[in-house]
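Chemist: Residue numbers (UniProt numbering), protein chains in the order written: chain A, 1 to 589; chain B, 1 to 589.
One thing to keep in mind: the hints can contain errors.
Take a look, some chain A residues computed to stay more than 12 Å from chain B by CB distance [what the hints assert, rightly or not]: (1) Gly90; (2) Gly239; (3) Glu388; (4) Glu518; (5) Asn540.
Where chain A lies over chain B, by a calculated footprint (3+ residues, C-beta under 8 Å) [as the list claims (entries may be wrong)]: (6) 231–244; (7) 524–535; (8) 551–557.
For the record, the hints were derived by calculation from the structure and aren't laboratory data. Backbone N, C-alpha and C define an ideal beta-carbon position, used for all residues, glycine too.
Number of protein chains: 2
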Amino acid sequence: MPSYKADLRDARFILHEVFEAPALWASLPTLAERIDADTANAILEEAAKVTGDLLAPLNRSGDEEGAKWIDGQVQTPAGFREAYATYAEGGWVGLSGNPEFGGMGMPKMLAVAFEEMLYAANSSFALYSALSSGACLAIDAHASEELKRRYLPPLYEGRWAGSMCLTEAHAGTDLGIIRTRAEPQADGSYRITGSKIFITGGEQDLTENIIHLVLAKLPDAPAGPRGISLFLVPKVLVGDDGSLGAANAVSCGSIEHKMGIKASSTCVMNFDGARGYLVGELNKGLAAMFTMMNYERLSIGIQGIGCAEASYQAARDYARERLQSRAATGAVAPERVADPIIVHADVRRMLLTMKTLTEAGRAFACYVGQQLDLAKYAEDPAQRERAEALVALLTPVAKAFFTDTGFESCVHGQQVFGGHGYIREWGQEQLVRDVRIAQIYEGTNGIQALDLLGRKVVGNGGAALRLFAEEIRTFAAAHETPHNAALLDAVERLEQLSGWLLEQAKGDLNAIGAASVEYLHLFGYTAYAYMWVRMVAAANRAYSDDAFYAGKRASAAFYFERLLPRVQGLEGSIRAGSASLYSLDAEQF
Amino acid sequence: MPSYKADLRDARFILHEVFEAPALWASLPTLAERIDADTANAILEEAAKVTGDLLAPLNRSGDEEGAKWIDGQVQTPAGFREAYATYAEGGWVGLSGNPEFGGMGMPKMLAVAFEEMLYAANSSFALYSALSSGACLAIDAHASEELKRRYLPPLYEGRWAGSMCLTEAHAGTDLGIIRTRAEPQADGSYRITGSKIFITGGEQDLTENIIHLVLAKLPDAPAGPRGISLFLVPKVLVGDDGSLGAANAVSCGSIEHKMGIKASSTCVMNFDGARGYLVGELNKGLAAMFTMMNYERLSIGIQGIGCAEASYQAARDYARERLQSRAATGAVAPERVADPIIVHADVRRMLLTMKTLTEAGRAFACYVGQQLDLAKYAEDPAQRERAEALVALLTPVAKAFFTDTGFESCVHGQQVFGGHGYIREWGQEQLVRDVRIAQIYEGTNGIQALDLLGRKVVGNGGAALRLFAEEIRTFAAAHETPHNAALLDAVERLEQLSGWLLEQAKGDLNAIGAASVEYLHLFGYTAYAYMWVRMVAAANRAYSDDAFYAGKRASAAFYFERLLPRVQGLEGSIRAGSASLYSLDAEQF
Numbered sequence: 001m002p003s004y005k006a007d008l009r010d011a012r013f014i015l016h017e018v019f020e021a022p023a024l025w026a027s028l029p030t031l032a033e034r035i036d037a038d039t040a041n042a043i044l045e046e047a048a049k050v051t052g053d054l055l056a057p058l059n060r061s062g063d064e065e066g067a068k069w070i071d072g073q074v075q076t077p078a079g080f081r082e083a084y085a086t087y088a089e090g091g092w093v094g095l096s097g098n099p100e101f102g103g104m105g106m107p108k109m110l111a112v113a114f115e116e117m118l119y120a121a122n123s124s125f126a127l128y129s130a131l132s133s134g135a136c137l138a139i140d141a142h143a144s145e146e147l148k149r150r151y152l153p154p155l156y157e158g159r160w161a162g163s164m165c166l167t168e169a170h171a172g173t174d175l176g177i178i179r180t181r182a183e184p185q186a187d188g189s190y191r192i193t194g195s196k197i198f199i200t201g202g203e204q205d206l207t208e209n210i211i212h213l214v215l216a217k218l219p220d221a222p223a224g225p226r227g228i229s230l231f232l233v234p235k236v237l238v239g240d241d242g243s244l245g246a247a248n249a250v251s252c253g254s255i256e257h258k259m260g261i262k263a264s265s266t267c268v269m270n271f272d273g274a275r276g277y278l279v280g281e282l283n284k285g286l287a288a289m290f291t292m293m294n295y296e297r298l299s300i301g302i303q304g305i306g307c308a309e310a311s312y313q314a315a316r317d318y319a320r321e322r323l324q325s326r327a328a329t330g331a332v333a334p335e336r337v338a339d340p341i342i343v344h345a346d347v348r349r350m351l352l353t354m355k356t357l358t359e360a361g362r363a364f365a366c367y368v369g370q371q372l373d374l375a376k377y378a379e380d381p382a383q384r385e386r387a388e389a390l391v392a393l394l395t396p397v398a399k400a401f402f403t404d405t406g407f408e409s410c411v412h413g414q415q416v417f418g419g420h421g422y423i424r425e426w427g428q429e430q431l432v433r434d435v436r437i438a439q440i441y442e443g444t445n446g447i448q449a450l451d452l453l454g455r456k457v458v459g460n461g462g463a464a465l466r467l468f469a470e471e472i473r474t475f476a477a478a479h480e481t482p483h484n485a486a487l488l489d490a491v492e493r494l495e496q497l498s499g500w501l502l503e504q505a506k507g508d509l510n511a512i513g514a515a516s517v518e519y520l521h522l523f524g525y526t527a528y529a530y531m532w533v534r535m536v537a538a539a540n541r542a543y544s545d546d547a548f549y550a551g552k553r554a555s556a557a558f559y560f561e562r563l564l565p566r567v568q569g570l571e572g573s574i575r576a577g578s579a580s581l582y583s584l585d586a587e588q589f
Numbered sequence: 001m002p003s004y005k006a007d008l009r010d011a012r013f014i015l016h017e018v019f020e021a022p023a024l025w026a027s028l029p030t031l032a033e034r035i036d037a038d039t040a041n042a043i044l045e046e047a048a049k050v051t052g053d054l055l056a057p058l059n060r061s062g063d064e065e066g067a068k069w070i071d072g073q074v075q076t077p078a079g080f081r082e083a084y085a086t087y088a089e090g091g092w093v094g095l096s097g098n099p100e101f102g103g104m105g106m107p108k109m110l111a112v113a114f115e116e117m118l119y120a121a122n123s124s125f126a127l128y129s130a131l132s133s134g135a136c137l138a139i140d141a142h143a144s145e146e147l148k149r150r151y152l153p154p155l156y157e158g159r160w161a162g163s164m165c166l167t168e169a170h171a172g173t174d175l176g177i178i179r180t181r182a183e184p185q186a187d188g189s190y191r192i193t194g195s196k197i198f199i200t201g202g203e204q205d206l207t208e209n210i211i212h213l214v215l216a217k218l219p220d221a222p223a224g225p226r227g228i229s230l231f232l233v234p235k236v237l238v239g240d241d242g243s244l245g246a247a248n249a250v251s252c253g254s255i256e257h258k259m260g261i262k263a264s265s266t267c268v269m270n271f272d273g274a275r276g277y278l279v280g281e282l283n284k285g286l287a288a289m290f291t292m293m294n295y296e297r298l299s300i301g302i303q304g305i306g307c308a309e310a311s312y313q314a315a316r317d318y319a320r321e322r323l324q325s326r327a328a329t330g331a332v333a334p335e336r337v338a339d340p341i342i343v344h345a346d347v348r349r350m351l352l353t354m355k356t357l358t359e360a361g362r363a364f365a366c367y368v369g370q371q372l373d374l375a376k377y378a379e380d381p382a383q384r385e386r387a388e389a390l391v392a393l394l395t396p397v398a399k400a401f402f403t404d405t406g407f408e409s410c411v412h413g414q415q416v417f418g419g420h421g422y423i424r425e426w427g428q429e430q431l432v433r434d435v436r437i438a439q440i441y442e443g444t445n446g447i448q449a450l451d452l453l454g455r456k457v458v459g460n461g462g463a464a465l466r467l468f469a470e471e472i473r474t475f476a477a478a479h480e481t482p483h484n485a486a487l488l489d490a491v492e493r494l495e496q497l498s499g500w501l502l503e504q505a506k507g508d509l510n511a512i513g514a515a516s517v518e519y520l521h522l523f524g525y526t527a528y529a530y531m532w533v534r535m536v537a538a539a540n541r542a543y544s545d546d547a548f549y550a551g552k553r554a555s556a557a558f559y560f561e562r563l564l565p566r567v568q569g570l571e572g573s574i575r576a577g578s579a580s581l582y583s584l585d586a587e588q589f
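Here chain A stands alone, though its shape is the one from the complex (with noise of 0.2 Å):
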């Protein structure tokens, strides 16, 4: 019953008129003999039909029938084999991939939006290929040069997928406490041994090899964090042509039942003396690691406004078309028996709070993704070193305010249909199960927060956010709209309280975890109001009647009286501290 189509008009309108992203490829060499405004529209295109047309009608199926576990293998629903080996094709899983390995190099400003549509069509089918590009990306980064080319080209051409070995049983968070043991072997290969957790993809019947980036310890490596190593280890061994060989000795000792994205497969893995190899420098593996794991943070973080986006479209389409009780201010629809509910103020206020939170995280992973695009493409390094500040910054905000609002907006999605919304053939409840991981996994929401408040904010005595706020500051200046006075003030108080955190912090060891999930919801609505005030001066800039801008217009509007003042409730609860939070012991909870 559900159906998703990609919001092509928004994509190209953040892409094109928000962020103005064909101007800034042709101005960056790399980028300019890659893409341009065509191609990036044609690629959009392509994107919204593999993703409505291929992978969304395989959402509800796999649902219902969910990954399975047989004798060590793992069975995906029906239609996901002939879908993956479609989508490969199709180079989607190499979209921004190293171009030297087989990647199309395309830029992440394009990507973020592809993967929104994944998301949004089919979030289990998305994770299978979110963790293989994840994995590229830390291969490229960290890898030697054999690896690269040994195991590059199949990744990206989707023959092959990735998986991110992590978890431990008694260690998820805390990573210092892994146990997986890696021993070095006389050809320069290590035997791993151990056994992994919440493995995404760790086992599937999709692409002939898999192959896992795994965290281990060497036996006398550093105790913490420090004496972590990272291993690439092949499901099937692989010969120096590329050939495929015997299998290694990792298995899949079962996979978890799941309160939501069924279809993909969540493993225990079991390494008995598997064959791998080092990534990276020893005793460095949680740095390669954080290749991978930031390039998953964003893209989790867009699972959140993909599943919004798909409740969105399905609230809208039923208010539109379900008739239930008269407009308070008379029926608007009098031939008929009851009116559109999308004339009741409360299911406007619902979907407005889904289409406003959605659109400003869709403009704010462009943002994201322009800056890993100028860190990764700029010819001036100061130029390259600003961006990366930035995406250190906001990618906790990116991956935990985009889950947060996301989970938020599919609830209400559900509540615009009422009962319905809770039956699944409807499938607003599945959206709610399903971004609901989002929120946990990638480092749970509150590690997101701890990470912004206590790194990434204090952790450079504000200097990021500084660079954040300036460039707020300097394009309201350049920028004339209703809402400028209320995005500085909602600036000013963001950067008021962080200065009020960083004096706090140094008293009390506890004021940065009291805060940080507040501060970061904080934060995000002020990022958002960013976003907002960005799309309306675009709006302007297009000196259009068109609905399109005028609903956009609108749409500020509501975010700014409505939504905004949010952040008054949150300053009161941080300005509290933490003392309220220490006054029980565990006994007395």
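Got chain A sorted already, so can you dock chain B onto it with the hints?
Modeler: Positioned in the frame of chain A, the structure of chain B alone reads:
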């Protein structure tokens, strides 16, 4: 894996110490002969046993197995039949039923504590019983003596069960447009024809008969809600002597596949000229049904508290045992590989949010129960009238705020578990799925909010709210606590805002709908602030250094410092008014 044990200490604290129920009961002649402190404690202990030992163990298996529809029959999951028989034998269905017909006549103040345990242990199971209790209430209040004599005793005994048949496929919130017809017969009965959906327990294999309360329209009835009548339609026809006769023309066409409460059957019920009996007056069926609906609304509100309590218990236990990372202030368990996560500020924030919302909800349920008891048993008509006004005002708050905060709590409880929270065997994700329906059924929380602001506040010019506000001021004047100033501020804010909305509503027909949900939340946080002041006052009265009382005081501080500030953001959104909700056409969404 999950287990639930009722928190008897807190139940007794609220009943005896906060609301001093035994003294109240002693002052009300009808209740004085039925119950005293010892009886109440004995019932609570038995309730804890039946819910913890009998029903909680069937919760996970019930979710996995689900209710099944086989050729028109519903099969409840393994163990439900036997458990229901034991449960009914204990007299729990008729706990607060009319003693004249076999009920136990227990006060609502006590019954709400039991209902919480029931939903906490097994929400699906609870519903079969809750519908019976509600149906009894409507029959007792509105049916003829003959119907009461014939139907109430077996319902109270639990040999038969009840159902509430309102919704039709095209008519959920908007009951005025139902199509089910009732044709008068020569013998005074009616033939009921039509199809109802979303009927909880419409068919099941737990009881030998099911008594449906059905909304239908006579052929010549006025259009809209003023043409609706209420009928009692038994699944099996009942002879004059109470014996079971032929099957009535009622059948279950299918059951829904849902997000949660999977062991509860949600039925499509077809009435094909079924024999029915009028309950109450013709065309006044909606008012009669509201006796049942208001009962169910409070009951479903309590589902929110029950699920939150179950989630809290599991999250607290997990947080005490799960070892991960070190406390920010230095290791508290240096002999172990990491500290229990309850040392971390953000874990404490989640647990304390759950704890303080749940305990305030528990107190507020008891408070509403007290008003229901006063409305029923007080000898002074003025006291009854005042209590009725408070019940009318507070029922939508209880239904919606208990379940919105209950959902928030269950999401926190899942988050505390990290990745394990997403895995079915741990039980936390089931609670999220099960509690989610409580925000939707028995009138969505959006509808509750319209009822509160439109009918219960604006509708009487704020008179009912003044009663509540005056009571709070009187209490605060007589009981000094550290939070009185904050409570009085919150009440002042609520009253000011209500006055402002009364004015807005005169000029803007959309004003109520635009503000209603945020208004209900602001009301709820204010009511919970009152509950926390009452709990602190009771804890102070105890003059005890028992850690329990210290814990109450510390929890109150958390509530006032960290959660109550949310009203600031809510007020900001409310004062923005309705304009931004209506600046987009339906096509611009």
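Chemist: So, for every hint listed, does it hold in this structure?
Modeler: Hint-by-hint comparison with the structure:
1. Gly90: Given a closest Cβ separation of 31 Å, the condition holds.
2. Gly239: holds (36 Å)
3. Glu388: Given that every Cβ of chain B is farther than 12 Å from that of glutamate 388 (chain A), nearest at about 27 Å, it holds.
4. Glu518: violated (9 Å)
5. Asn540: About 16 Å separates asparagine 540 (chain A) from the closest Cβ of chain B, which puts it past 12 Å; holds.
6. 231–244: Not satisfied, violated; 0 residues make the cut.
7. 524–535: With 0 residues close enough to chain A, the hint is violated.
8. 551–557: With 4 residues closer than 8 Å to chain A, the segment 551–557 of chain B meets the three-residue bar; holds.
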